[in-house]
Each structure stands twice: as structure tokens, then as C-alpha cells.
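> Next come the chains, spelled out residue by residue.
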Amino acid sequence: MKGKRKKEEKEKIIRAEDEWEPIGHTPMPHVTDLRNWDRRLLETYKPFYAPFCDLCCLCTYGKCDLTGTNRGACGIDISAQQGRIVTLACCMGMSAHAGHAAHIIDYLIEKHGEDYPIDLGDQVNVECPNIRTVLGLKPKTLRDLKTAVQYAAEQLVHVVSSTHTGQEGDAVDYESKALHISMLDHVCMEAADVAQIIGFKFPTSVADTPLVDMGWGSIDRKKPVILVVGHNPASSSEIIDYLRNKGLEDKVEVAGICCTALETTRYSNKAKVVGPLSRQLFFVRAGIADVIVADEQCIRTDLTDEASKVGSVVIASSDKACRGLEEVSDKPTDEVVKAMVDKGEHCLILDHEKAAEVAVEAALKIAPKRKKEEPIDEKKAIELAKACAACGSCTQVCPNLLPVGPAIQKLAEGDAEPFKQVFENCIGCGKCEEACPHGVPIFKLMQAVASWDTWKCRVGRGPVMDTEIRKVGAPIVLGTIPGVIALVGCSNFPNEIDEIAEMVDEFARRKYIVVLTGCSAMTVGMRKDKEGKTIYEKYPGDFDAGGVVNIGSCVSNAHITGAAMKIANIFANLPLRANYEVIADYVLNRVGAVGVAWGAMSQKAASIATGCNRLGIPVVLGPHSAKYRRLYLSRKEEGDWTVMDGRKKELVDTEEPSPEHLAIVTESKERAMVMIAKLCIRKNDTQPGRQIKLNHYIDLYKKFFGTLPDDLHHFVRTERDIPMFFKKEVKQFLQEKGWKPKPVLSLPTLIGTYETEVPVEATIR
Amino acid sequence: MKGKRKKEEKEKIIRAEDEWEPIGHTPMPHVTDLRNWDRRLLETYKPFYAPFCDLCCLCTYGKCDLTGTNRGACGIDISAQQGRIVTLACCMGMSAHAGHAAHIIDYLIEKHGEDYPIDLGDQVNVECPNIRTVLGLKPKTLRDLKTAVQYAAEQLVHVVSSTHTGQEGDAVDYESKALHISMLDHVCMEAADVAQIIGFKFPTSVADTPLVDMGWGSIDRKKPVILVVGHNPASSSEIIDYLRNKGLEDKVEVAGICCTALETTRYSNKAKVVGPLSRQLFFVRAGIADVIVADEQCIRTDLTDEASKVGSVVIASSDKACRGLEEVSDKPTDEVVKAMVDKGEHCLILDHEKAAEVAVEAALKIAPKRKKEEPIDEKKAIELAKACAACGSCTQVCPNLLPVGPAIQKLAEGDAEPFKQVFENCIGCGKCEEACPHGVPIFKLMQAVASWDTWKCRVGRGPVMDTEIRKVGAPIVLGTIPGVIALVGCSNFPNEIDEIAEMVDEFARRKYIVVLTGCSAMTVGMRKDKEGKTIYEKYPGDFDAGGVVNIGSCVSNAHITGAAMKIANIFANLPLRANYEVIADYVLNRVGAVGVAWGAMSQKAASIATGCNRLGIPVVLGPHSAKYRRLYLSRKEEGDWTVMDGRKKELVDTEEPSPEHLAIVTESKERAMVMIAKLCIRKNDTQPGRQIKLNHYIDLYKKFFGTLPDDLHHFVRTERDIPMFFKKEVKQFLQEKGWKPKPVLSLPTLIGTYETEVPVEATIR
Amino acid sequence: MPHPQHLVNILTGIKGAMEMKDATPLAKIIKKAERPLLVIGPRALEVEIEGRPFIEYLVDIAKAANIPICATAHTKKKLLELGMTPESTYDVVEIVNALKDAEWKGVKGEGCHDFVLFGGIRTDLGNQALSTLKHFAPHLKTMTLCKYYYPNANFSLPNYKKEEEWKALLEGLVAGLK
Amino acid sequence: MPHPQHLVNILTGIKGAMEMKDATPLAKIIKKAERPLLVIGPRALEVEIEGRPFIEYLVDIAKAANIPICATAHTKKKLLELGMTPESTYDVVEIVNALKDAEWKGVKGEGCHDFVLFGGIRTDLGNQALSTLKHFAPHLKTMTLCKYYYPNANFSLPNYKKEEEWKALLEGLVAGLK
Ligand code: SF4
Ligand code: SF4
Ligand code: SF4
Ligand code: SF4
Ligand code: SF4
Ligand code: SF4
Ligand code: SF4
Ligand code: SF4
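Chains as they are written, first to last, in numbering that gives the first Met the number 0: chain A, 0 to 764; chain B, 0 to 764; chain C, 0 to 177; chain D, 0 to 177.
Careful: at least some of the hints might be erroneous.
DEER-style ranges, computed between Cβ atoms [unchecked claim]:
id, chain 1, residue 1, chain 2, residue 2, range
1, A, N244, B, E7, 26 to 32 Å
2, A, T641, B, E334, 22 to 28 Å
3, D, E86, A, A386, 46 to 52 Å
4, D, E86, A, T453, 49 to 55 Å
5, A, D207, B, E20, 55 to 61 Å
6, D, K104, A, T641, 19 to 25 Å
7, A, K3, B, E8, 26 to 32 Å
8, D, D21, C, P24, 29 to 35 Å
9, A, T641, D, A101, 20 to 26 Å
10, A, D543, B, E334, 51 to 57 Å
11, B, A389, C, P24, 28 to 34 Å
12, C, G82, D, D21, 55 to 61 Å
13, A, E728, D, E86, 41 to 47 Å
Coverage of chain B stretches by chain A, computed from C-beta distances (three or more under 8 Å per stretch; other residues unrestricted) [said to hold, decoys possible]:
id, segment
14, 91-104
15, 286-300
16, 419-432
Quick caveat, the hints were computed from the structure, so don't treat them as lab data.
Built from N, CA and C at the ideal position, the CB exists for glycine as well.
Work out the full structure, taking the sequences as your base and the hints as a guide.
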């Protein structure tokens, strides 16, 4: 039902009369408007399902056993059911950002008015590439950002609806809906972060943002300590304001965990970063915080219980996470503070200014009363570890499959190293201690092996500047910058610190552009090299070859997709406006960008990654991510790699599986690095560019696997693609494989290979 | 963050300057605005959880075992996890209606313009009580309905967001969110149905709507048959229009399953009702339909496969259920019809006019080509049944726990009765046949035992008229009409036909007002009494004592909550506008309405029921509904039954557990009837009214349980409450129980017993 | 962990009922209980074991061990006919809701029950009710007497294929409890 | 159905692996396969059994029964060092994606495999990969050789508490396959 009136309505919303760019084919697309694009993508990159449960328990007809060819009582089969769960997960993820965006925009409208202009400084003219590309709107004010989020909310209704029993019944259609809602996730993230940047006046036009202190060791526990946890800077910025106004900024420590930490350091570089989600429970149990202000997302659900145990008080400040607390938003500050100080009462305050005032006043009063325990030392730890009866329960429940028990037994024998390893790989879930029948205080033991060192985190930057895009656009598209690697998401999994840092180091050294967001952006700073330098001190913060850029918090992920869009726009001159298919096609075939979500664990990560996928950006996931249930994999030898030659307008079988997958789980960091290098390959690479890419691919493969890549022949189009350094052996290899030259296209595109209103001409400017 | 600007924005949306009623305390409430009301309700009616799975599999930290006191890796416990799943289910349910509403409103705006006025005829002035009460808006046009749905969509974002890992962590807070989104479900249902009524000009001001034919036996299989399945009348009404325009109305059969059937009969009384969801697979497999037009909701996910087996073709017509089909909306009709006729190709058509044209043209061409098999007879069935090897597989997989295998074995011996019983209780899921290792064609066997009789269904009425409310308001509130029993939802479970019909008969006979919606409204007509009359022929269709009213399809459920609101408004003169707490409090304490969702199975039923609960309407569920995981139960002896005496403004311990529960599962229809009668009791009953209510309660209890109710003393306030007929024995019973008189209040209210901005005065007018 | 009879109610976690095939240990367990309770549901009226209604076996058990009865749904009437007055009448979810509360005074006002036997509840509803107790009533143990396996109980009979085996167990139990 | 080692991966449905404790029947099953494949993952490099890397046992098995190898992650390098050239190198999800396809020509180009052994894959990832095959590859059977129970396989070793038991099984298997 595309409808004339509907069209008029959209044109009004996106101000069709503003003629900044012609309007593309899909302004404010409805759920099905990009369905053919999705179906085309998923023909090459078929959904690969690994059911996490054989059953469906979503309605009272069930549980239904869907094993193999069994169908549920509603008729659904296991594939569609997986697509359904993935769709639901993406909706949960997207709504987290949409809710955040809606809230922060309203908060800022309250402060600044809805006409408050969007101005990202003189280095950023293409201010909201996702909103431009998806909606067709060039947002000028906070109100426009709100409009974008409202549109996303309406779409959410339709997608959630489709997960109801008796609605969608096809796996690929579910995936199309997941792709749709995840594309909108990026719209909402962009709206949220741009609102925050303008509303809180975060810096946007400098590459070398300040370095802030990171780590629990950096916190002066003698001062009152306020810990902010979550994702939404409304309360934390009010806290900073309150401290500034009262001249208390040096008297009270403000430290953050998760994205709120990143946001807060953008607002004040006196704020400190404790670390990622994986350190939340550890830090809370360490009892260093006097007051904990929780906002939304990534907050441990047992926070109040844990805080009570160590005498910290919690202020919940979001409608998303009220935690059963009494709302005291309208009660006098004194009264609330008194209840906190005297009775340790946690509370819910939905007014951020009030929450800030209460937090500071309570912290000032509580801190002197509390005696914070010092972390235990190794001697004490060895003693406590002796309670371990080697029963194995802790090992069995660890979601990270860590050998907790054996490490504790070693610790009891005086060897702390294995347990230190465990701590470094630990996601801080607390299951081990809960499971221990002998009451071994595992988290306390961790205090002894945790490093109380201080690290550095570079403050988040926000969107990539247009000037930077202008500079790197050509090298990226042509392949002379071998790729943009985006480490996104939670990094709350295996060996996070070491593995993430190692990957970043490897690719930065090889002059890829490395960008980071969210917990990964913190994690990477938590390792020092021999000279005592963190990654952020070792590499510059520019979006350029060899740069390591902290883009910002989770919502900054939109700037990564945004950067890819800007390459199409600024470098290739393609209009963004309502032109999603063309832009996604461009990114897929020409921009060597790869997302890495190594420790992704939540629904947000699912939607962020899926949003990248719709735009043609492949994502590499860590091993546990198989539990997301779905990947998008091609079969390089069986797949059809035909594309349209945009110049000649004819179909060409390129025989080249590039990029090979859209979403893949790899088992080890070694494999991941090789895969990342390979996924940077694009059909559009120039021959010198391809040489460089293959050079890294071969080099990494040899380093980790010992031989030439056994699929190398698929990626060599002509002899000129072969890297000089490996020329001889590659030629020999190609000969053995019976390799023959393949066509080289300068304008490869999928447009024209499937049913779409977009003409092939639209891919050229 | 309640905010001044936010307030201004709301006032603009609800046109605060329209002075039809003063604006109450909660215009367009945000997620947390009614949280205190919810917490108050749930203090009395505590969430009761029956986990359907001990595990959580929502993120890649899991699966987490949450048994007992175990917590997930994110910190969540089993109670909060249940609340979370319930919240998610309610979001799925609500979004199904919100998506339906958004779609149909846009469709009708396209047809009639957004200024198309809301006019429900001269019997209905209070046109949208849910929208009035929740938003504070008196909707005048289609645009206003759209506004209501948009607001609901924005709220959905926040509630879905709260189900993300690391957000809400408290069971009661999750329930509050479930209640919120379910309240909005009623807003969306109301918007959808009112739009349909005005847009399709459904009748609204007659009580005795026509009776239409029901049952597969009523369909002339010699004509081309178009089957419409689902909930959304856009395509089916276009089909009727097309037939009318072409003069084909008598040449083509249009029959419906599920709510689309109910809608279609409101549009044309030549349309036929096949039956409820439980007959969908049976009917499709019977091969009677030539073309099946599926819209949204309650469509078997294996529809295309099943249709292909019997040579029917499917047109999917909703973005919610594209079913992997190729979209042909823009292809020429001829071409599409040809592919359907020649190759049996199913397709997706998102343009309803086009879908209608294709459906009719294809049916006209396909019907003559197909030879529809006649249903098999009993002899043939006996023969086929002999293939059964008594392995028990079918019995083991039946979600309705039916003894399928034994019945088939009896059938093989020539006794069809047990299998007939099975068929009558069957929900038509198809699991049994799928599981049979010996290929017994169970559905085919069913054809032999199914009745090919024709029944009658009264066409749905839409909102209860204001005049009717005026008439019954006093008797209901005062108790002389003992109650309003609303049988809602799917009725797709145990012994549906008999049990629903029996309950309706029992209460209609006792002069309760009985209302029905959705599949229940069909089911109840599928039984005839000794004189061959269906319930609809036996009882009048007025909303009055002893009436049996088919309100309409699922979205008509909003008219049930709406009727309760209208009683408060029209009878008690309470303003509805943005006055949710006051109205809900009124309904809870004074309107003896009870919902019965006997066969509820889906997420929509969860949100419909939960929406009733927030408004103070208790809901009785069938046994399998324990799988919804959550009930709201009181403890009559341990609970605190203190309320405010609205006149005297003092707290009074009424000692009376009325209504006793908000959401309860009962095990048998007998128990359900007794419970229903009891739940009609309200604190506000006059003494004559209470006598009548207790009379029915005692009578039913005695009938089914053999004694006086053992909790009777809780519901007798003074001796004048005792029904004449049972006076002696009740008095003796009370004496044994040590009963003492209890206070009788004329204005019982919860306002004033918890923290709220609403003053006690607001409950009186 | 064996499978329950009705696959539709299947596998819910890692804590599953112990399958009990012998009457003797069962009788011992029941006898050890301080305040047992027998919950009888409406399937006990419909199901017959070799011609005798299941409810009569349940009454025998109650009598043998002097266990108070909670009659759910409409079973009360039949119990009265059998000359057995149940100590209480509730919906099954109501009695479970009360049992969750360790402070509850029980059907006899003597304190909450520590061992609850169930018979005659539909497998799906029964297993859900038992789920509530499994999670929220660590102070008591549960056991089912129907001929199906209920994974959420502490002790359950197996899925009996043969009626006589079930009958033998129930009779053995009555004998053992005397 | 016994429990897997890592509870976090637990219970997924009603079809669970057969737990195999004896080498002899296992060897028989493997020998019966027409086109077996051994998938070796990176844990095989790290895990040692009484001082000897697990991967060496796996190589012994491959040699004993002449089973082609698919090396996942970075195991290829070590295999080459051990003088064993794997027939193919894939990510574990890639080889599983290929195995799903009954028409696939297999690592040796002779047709899809009918029996796939796994060793050295993380329990969570391995069990997920096996889930894919359980649902979508009815044409083959799977078996795991790690010391944990993988519910989604067709045949799995038990959760071994004692290394020597695991070692004995693996050695028995090598002997039985020769
Ligand atoms: S899908 Fe998840 S919640 Fe449902 S049965 Fe499976 S493990 Fe349990
Ligand atoms: S949604 Fe379908 S598969 Fe899931 S429980 Fe319900 S009927 Fe079964
Ligand atoms: S807290 Fe760390 S070591 Fe303990 S179970 Fe969780 S991830 Fe494993
Ligand atoms: S659970 Fe406790 S006792 Fe058991 S191995 Fe772990 S630390 Fe030791
Ligand atoms: S990166 Fe992941 S864990 Fe970290 S704050 Fe963002 S969503 Fe949370
Ligand atoms: S959401 Fe929480 S309980 Fe559920 S799997 Fe994730 S960590 Fe475990
Ligand atoms: S089709 Fe009917 S009898 Fe067969 S399994 Fe489903 S509900 Fe039971
Ligand atoms: S599954 Fe088939 S063979 Fe087995 S009892 Fe049922 S009808 Fe008979």
C-alpha cells in the first residue's frame, strides 16, 4: 500500500522542497521497501542457523519441538524460528538505542528548545549520513532528530508485530525485517549521538582528543566517589555541572563504567574510566563507590543487592531500569539524602538535575562514614583460596569456559599466575562465586591478582570529519589503504584485553585505519607495551592509515556506517538522500570496511552488526557469538558471483567471492585476523590496491597458518594483482590450481541483478 | 524528566484547548507515569510465576540456569526473568494490534483523507473511551486515531528497550511495563476498530445484527471459493467491492477464518464464517478453497506448503507475513493470474485493490480446473485408520493432550465416537499427523467425523451504545445485573465449543450480560440445542441482562474495556480525559465485569488480558494458560483489603477480598464458572445487588462442588447480604466460621492508599 | 533425565524430577514428611485404572497415611460422595500460591506443608504449578502420582505404558503407608 | 540425557547425543562410515593429555583410519609441523556450512561426508556448530572426541573427570581403527 497520501506525508516530513540533493527511491522506507535488496544480499550470503534451543516456548501451544523437519503447532519450522528470534533480538537492540535517543532528545529539547541547531563544527558538513540516506531528511535541529526517531519507532511496531505467532513464516523474510530494524538502529544511534554532541557541546573537530585516566587504580578512594554506570549521559553531565557550580570538581571523584564513562569523559576530562562492563561487578564489590548512579543499558540487574553488601547506595535514573525502587523525584533533596545516608536506601529519581544533586550531596555525606576496605594482598588470597575443595562447580558454570577451579587450586599452592589469567579473561558475571558450595570468595581473590595500574583511554571523537573522508576516500576505495577495521561492541569475552589489543596493533601497524567504540575502545587501552605505552599513546587518533580512533560510545557506531556512507557521498559524489540501495551497493562492492565484534554479547550488538550487514559491511564475530544463532555465509565455490558492470551495463561473472561473508564467527584471534584481511577485499580494488590487500592477507596467513592461503586463487584476478614480494610462490600456486585470469571491473554493482526500481545509472556519478 | 516542553507538546497533541472535559493527571502517560497505580494493584494481586523454562537464552552470556536462587550472568533472577518474558509477550501482542491499526488507518486515509470524521451514529457519543482516558484526546478524525497509535508506538520503544539485557531487573517493574503496554494495546485496538467501522461503514447502532452462516458445510464448493484468513479487512473488503462491481457476488463464495471472517461479515452478509483458528489447517487441507488471501495474524506459517498440496493458491497481502513469496504488486494482473493458474504460484501483493482483483480473477479460472475431493466417509475412515500401529507418538505430541492414538484405534474398530471427541477438542495444529511414523492421514480421517452442518453467527456489533450504558450502568454498578462476562480471545483449547457454549448459556440464563469477541464469538455459535438453535438464536443481542453480544473481532476487545470506562463516564459522570487512575479505580471497585480467556494461546491474548487487568477487570484463563508463566493472585486471608472510604476520606479495612484475583487459571469449566461468579463481586455492591451475586455464587458452587462455598464468609458483609433462598444454611455456616459483620462502603477507592497526585475527591462526581 | 509423557511440556532446565518406580522407597519418603498434603485434581475423576477411578486410589493413600486433602477444581463433590471431606478447596494455582509461602499455616492451621503429593492435574498445568514450587518453595518437596513423568516435581512416577504397573505402584504405596 | 560439562550450553531439546564410553563400538561406527571427516579445532593445540598434545592423538586417529582432516582456525600450522597436511582449511562454521549441503563434493571431491568427527572446538561453539548439523544435515552423523559431553552431537564422549580415562578411550580408538 504505497499510496499517494503516504507519499505526500513523507515528502512533508523530509521537506522535499529542500533541494540539497535529489530524492532517491526509498524515502522513509517501510518494512518491505528494501526487501528485494535484502533478498539479493541473502542469496549470496545465505542465513546460516545454529539453533541455540530446539524448542519454541513463545506461546501456550508449545513448547514445540522444532528439531529437523518438525514444525511447531503454529506451523513454523526451525529456520523461520531462528529468523524470528534474531528479529526479536534486533528489535530489542534497536529499541535500546531508540529509547535512549528519544529520551536524550526530549531532555535536550527541554534544555535548549526544539529549534536548537545541529552544528558539528566546520569539519563536518554531512552531519547525519544515516538519517540522510535512510529517511531522505537533512536534519537541521533537535526536532528533526526527533522526527527520525519517531519514524523508527513506527517501523518497530511492524517488525515486532511480525514476530507474533502466526505472522511471518519465512526465514529470509524474518532476516529482511531484522536487517530493516537494524538499519534503523543506526539511524537512532546517530540521532542520539548527534543530539548529545550538540546538546552537551562535545568536541567534534579535533582528532587528538585528550587522554584520560583509566582503571580502578586511577581512582582516589579517599575522596567521595560517584560511579556512573550505563549509557546515558543526562545524569552524569548534570553531576559534572553540579560539581562545577559548587566548586567541588576536585573534591569528588566521578568514575564511569560502560558507555556512560565514555560520554562523561567527553564532557569532563577529570572524569575517569573504570573500564568495560566486564569489570562492573568486580568494581562494585570492591566497594570503592559511595554512590552509584545507574542510567540505562548494561547495568547488572543485581546492582542494588551488590551495592547494599558493601554499603554503597544506588540512584536509578531511568524509566528503563527502575529496579523496584521507590520513586522520590518529587521529594525534598534533604529527605532523600538522609534516607540514603542513614538507612542506605536506594531510590529512583527520574529528574536528572535532582538525581545529580542527590548523588553529590549523598556522596559527600556517605564517604566519611564508610571505611572502604583495602583490596586484599596475595598472601591473604592464598590463604582464602585454601577453602577450595576442587569440586569443579565454578568451572562448570563459567560462561567464558574459564578454568576457575584449577586456577584457585594453583593459587592455594602459591602460584597466582593461572588465576591472574582467569581474571584477565573474566567477564565478571559472578556465576562462579554463586556456584561455589564452599563459599570461596572468588571476587575478593581477584582483587589480589588484578592490576591496580592506571591506563589511558583517548576521549571519544564522534563523527569522522569530512576533511578526513576527502583525504582517505580515494585510497580506501581504490585499495591503497587496505581497509577500515572497526572494533565495535562489548569485548566482554575471551581474553578481551590481549586479543583486542593485539588485533588493533597488528592492523594499525599495517596501516589499516582502526576505529573503536564502546567497551572495546576502553579495553584496548588496558594493555601497555614494553615501554609502558598504551595503544592510544602509540598510534595517532586520526582517521587515516595507521590511526587508532576512539569514535565514542555504543551510539557512536552510527558514525562508522556513517563514514562509509560519507565515502560514497564525499568521495564518489553519490547522493545520499533516500538512496539506501545505491549507497549500500557502493559500500558492499567498493569500501573495504570490516566490523569486528569480538566480544559481542547482547541484543544491541546483534542489531548494530546486522545494520552494518545491510549496508554491505561484513562483520567478524568471536567464537561464543555462535549463540546469536545466525550468520550470513557465502559458499565461495558454489556461489554465484555475477555482478553488473556499471559502465558497460552487462552481467559479468567475476568468479570472485568478495567480500566472502557478511557475518562470520571465527574461532581464534589468529583466524580472525586472517579473515579480516580477506574481508577487506572488494571487487572494485585497483590492481595496486589489490596487491596491497593480498600482501597482508598472504603475510598474515603465512604467519599463522604456515602456507599460502588455499583460496588465494579466488582473489587473484590478473597477474598484476599478485604482490611483488610473493610473486614466485604465488604464481606456482596459481598454476597448480589451474588458475585463469578473471575480469577486472571498475564499476561492479548488484543493481541490475535483481528486481529494483533503481536504474544502473544511479550507481555512477 | 517530566518537563515543561514535554507538557506543552502533549497539550498541543491532545488539543488542551478543547474543553470537553477537564484534563486529568496523566495525559499521554509515559512508561512510569502510572507505575504507582500498578505497584498498588500488584501489592494486592502479586505476580505469581510458573516458569515455563528454567533457562534464559536471550543473550550470548547464556544459556543461564536461573533455577531457584540462581542468577543469570547479567544478574537477573527467575522472577524478573518471568516478568521480562511476559513484558516481551505483551509487546508482541500489542504491536500486532498497533501494526494493524497503523496499517488500516493509513489505508483508509488514502481512501478518505485524514480529515475523515469519526461518526459512530447517534447512539454513540463517547466514541473512543480508551483514547479519551489514556491520551486525553477526543478524536475527531482518522488523523487523530493515527496520533493515538503513534504515541503508542513511541511507548513501545521504551518498553521493548527495557527487556534488553542489563535493563530492568525487578519483576514488579517489568509487570508495570507489561501493564502499560497492554493498556496501550486497548488504545490501538480501539483506533483500529473505530477506523474500520467508519472507513468501511460497518453498522454500529443496531443490537440485532444479522445472523450469517457458519461452518464449512455452509460453503458451496461448486462455486469458486475465496478464503480470507487473518485479521485485517482491507483485502477482503476490496474483494467484496470487486465482486459487487462485477456483479459476481452470487457467483463466488467468500469465506473467512479468524477475525477477517468477522470483519468481512460486517461488510457483507453474504460472506461466510468457516470458523476459528483451530479449523484453519483442517479447512485448508480439505481443499475447498481455490484462492486463499492471507493478511496478518493467526495465519498458519505452513499455509503455502499446505495449500500447494491441495492445489489452492495463496496471495499474501501483508508486510507482516510475506512468507518468502515474490512480490508482484506492480506486475500486470493477467501475468500474475496466469502464473497462479498455470503454475500454482503463490505470491505477495501489498496493494489491496490489486490483491482483490487477482484473487477473484484467479479463483474464477482455477475453480473449473480443480476437481475438489469430497470428504471421505466413515467407512473409508475406518479403513484408513487400520494403518495405525498404536505407537502412541501422536498422543505424545498433542498440545491439547488429546488421546489421538487410542481414538484412532477405536475408529479402526468401527467406533467413531472417541475420534469425534478428539476432533471437537482439537486445535488443529497438525502435530499428530506429522509425528505419525505410519503415515495415518489423521486430518483426512477428521473429515469423516466432522459435522458438515451449518451454524449461525451473529455479525459483530462494535462499541456498546451510550443508550445501553445509560440503561445498564446503575444495575451493573449496584449489582442488580450480577455481572458482565466477556469471553475473549482464541478459544482454541480444551473442548472449546462445548465449554464456551455451556458457560455462555449458564450466565446468559442467569441474566448476566455476556459479550464475546474473536474466535470465541464464532465458537459459541457452533453448537445447537435440542431445538436446533444456536446460542445466538436463543438469546438477544442487546447489551443488557441476558443478552449475548458478539462485539466483533479481536480488536473489538477495546470496546469491552471501553464499555467499562463508559459506565464510569456516562453513569457515574466521571471525566475520562487523561484520568486513567480514577477510571481504573472505579472499574476495579465498582464494575462487576470479568474477562474469560478460555482458550487464549497467543501473545495478543496476553496483552489484551493484561490491559483489562490494569483497568481493574479480572480475567479467568483456561488450564493451559499457566504457560503464560504469570498470574496476578491475591491471598484472601493474608491480604490487606483496606481501601479508602471516598466519602469519609478514611481508611477502612473491608476484610473483603473482592475482586479476589486479577488473573487466574482455572482447571475446569465448572471451577471457572464458580470463579467467574465470585469475581463479579465488588466492594461497592448494594445489599440487594450483593444478594443476587451471592445467590449465583452459592448456587453454582453447590451445583458443581456440592456444598456452600467455603470462603462465603469473606463475602458477606452484613446479614442483609445473604440471599433469601439460602438464608438458613448460610447463617449457620457463618456462625460456624465465627463470622462478624463487616463495613459496607458506598464509595470504596484505592486512591489515597498509595502515593499519587490524584486527590480522593477526584473519585466522586 | 527421562522425557515427560507429553513432549509439549518438555525439558525446562537442569533440575528434573527423580523418577520413582518402586513403592517402598516412596512410602518411606512420604512417611518421613511432617506435614504432607495431597492435592487432588479433576483428571482423577475421569481417569480409571482397570475400571476403578483414580480418585479412589488417591483417597486410599490419603486414608492410609492420614494425609489432608486439598481438592482443586470440582473434585470436592466426588470426594464428599466418597465420604471424604477435603480439608480445603482451591484452584490448583491458589494452593500453590499458598504453599510458596513458608509462613503459611497450612490447610490444618498447623504450619506450611513440607511434602506435597499431586494427583489428577493435567500434565501441562501440573508441570507449571510444580515449576512454581521448584523455584519458589525450597522449603518443601513435591511428588506426583499420575501415570506421567512430571519433570518439575522432586519425585515423579515414570511414564507408564502399562496400567497394571501404575496400579501396582499405587496399591503398593497404600500398603506401604499403612 | 546426561548433562554437558558446561552448564551454560545446556539442554536444548529432546534429541541429545548418545554418550559413548567404550572405544570398541565407537571404532566400529567410524569404520562403517563411507566418507568420514575429522575436523580439528584450535583447543587441540592447547590441551594436553598427560603431557602429550591432544592434536597428536587426533592425528593418530586420522592416520589409523585414513580419515581426511579439516583444520579450523590456526591448527593447520601445527598439523604441518606434525607432518600431516590437512585436506582443507576452513573456519568451523564454514566447514559446517558446506557439510549441511548433501550435494557438496567433500574435502576430497568425492561427495559429501557421512560421518564427521570433531576435536578441539570450544564447547559452546562446538555445540552450536553441531546444532546446525543436527537440524540441517540429516544425511550425516556427528561425533565428538573432546573430553566433554556435547548434547548436539549424535555420539559424544562423556564428561571425563579423569584424564587417564579419556586417554584410554582415545588410545583404544586408535588401536581399534587400525
Ligand atoms: S527457547 Fe530458551 S527459554 Fe525457550 S525453552 Fe528454549 S532455552 Fe528455554
Ligand atoms: S509460536 Fe508456534 S512454535 Fe512457538 S510455541 Fe507457539 S505454536 Fe509452538
Ligand atoms: S565471574 Fe569470571 S570466572 Fe567467574 S564465572 Fe563469570 S566469567 Fe567465569
Ligand atoms: S566451586 Fe568453590 S570449591 Fe568448587 S572448585 Fe570452585 S572455588 Fe573450589
Ligand atoms: S560496548 Fe557493550 S557492554 Fe560495553 S557499554 Fe556498550 S553495549 Fe555495554
Ligand atoms: S540475558 Fe542474562 S540471564 Fe539471559 S542469557 Fe543473558 S546473561 Fe543469561
Ligand atoms: S491436530 Fe488436534 S489432535 Fe492433532 S495434535 Fe493438534 S490438537 Fe492434537
Ligand atoms: S502416531 Fe500414527 S501409528 Fe502411532 S498411534 Fe498415532 S495414528 Fe497410530
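> Holds or violated: the segment 286-300 of chain B covered by chain A, criterion of 3 or more residues with Cβ-Cβ distance under 8 Å?
It holds, with 6 qualifying residues against the three required.
> Okay, G82/C versus D21/D on CB: inside 55 to 61 Å?
Between G82/C and D21/D, where Cβ atoms are some 58 Å apart, the hint holds.
> Is 22 to 28 Å right for how far apart the beta carbons of T641/A and E334/B are?
Hint holds: Cβ distance 25 Å, inside 22 to 28 Å.
> So does A389/B sit 28 to 34 Å from P24/C, Cβ to Cβ?
Between A389/B and P24/C, where Cβ atoms are some 32 Å apart, the hint holds.
> Quick one: see if chain A covers the segment 419-432 of chain B, three-plus residues with Cβ-Cβ under 8 Å.
Result for this restraint: holds, n = 4.
> If I claimed the Cβ atoms of D207/A and E20/B lie 55 to 61 Å apart, would that claim hold in this structure?
60 Å, holds
> Do three or more residues from the segment 91-104 of chain B put their C-beta atoms closer than 8 Å to C-beta atoms of chain A?
With 9 residues in contact (Cβ-Cβ under 8 Å with chain A), the coverage given for the segment 91-104 of chain B holds.
> Holds or violated: the 46 to 52 Å window for the beta-carbon distance between E86/D and A386/A?
Distance hint for E86/D, A386/A holds at roughly 50 Å.
> Is the distance from the Cβ of K104/D to the Cβ of T641/A consistent with 19 to 25 Å?
About 22 Å separates the Cβ atoms of K104/D and T641/A, which means 19 to 25 Å holds.
> Please check whether D21/D and P24/C have a Cβ separation lying inside 29 to 35 Å.
At 31 Å between Cβs, range holds.
> Return holds or violated for the Cβ distance of E86/D and T453/A against the range 49 to 55 Å.
50 Å, holds
> Using the C-beta atoms of N244/A and E7/B, is the stated range 26 to 32 Å upheld?
Since the Cβ atoms of N244/A and E7/B sit about 27 Å apart, the hinted range of 26 to 32 Å holds.
Hint 13 alone, counting from the list given before, is not met by this structure.
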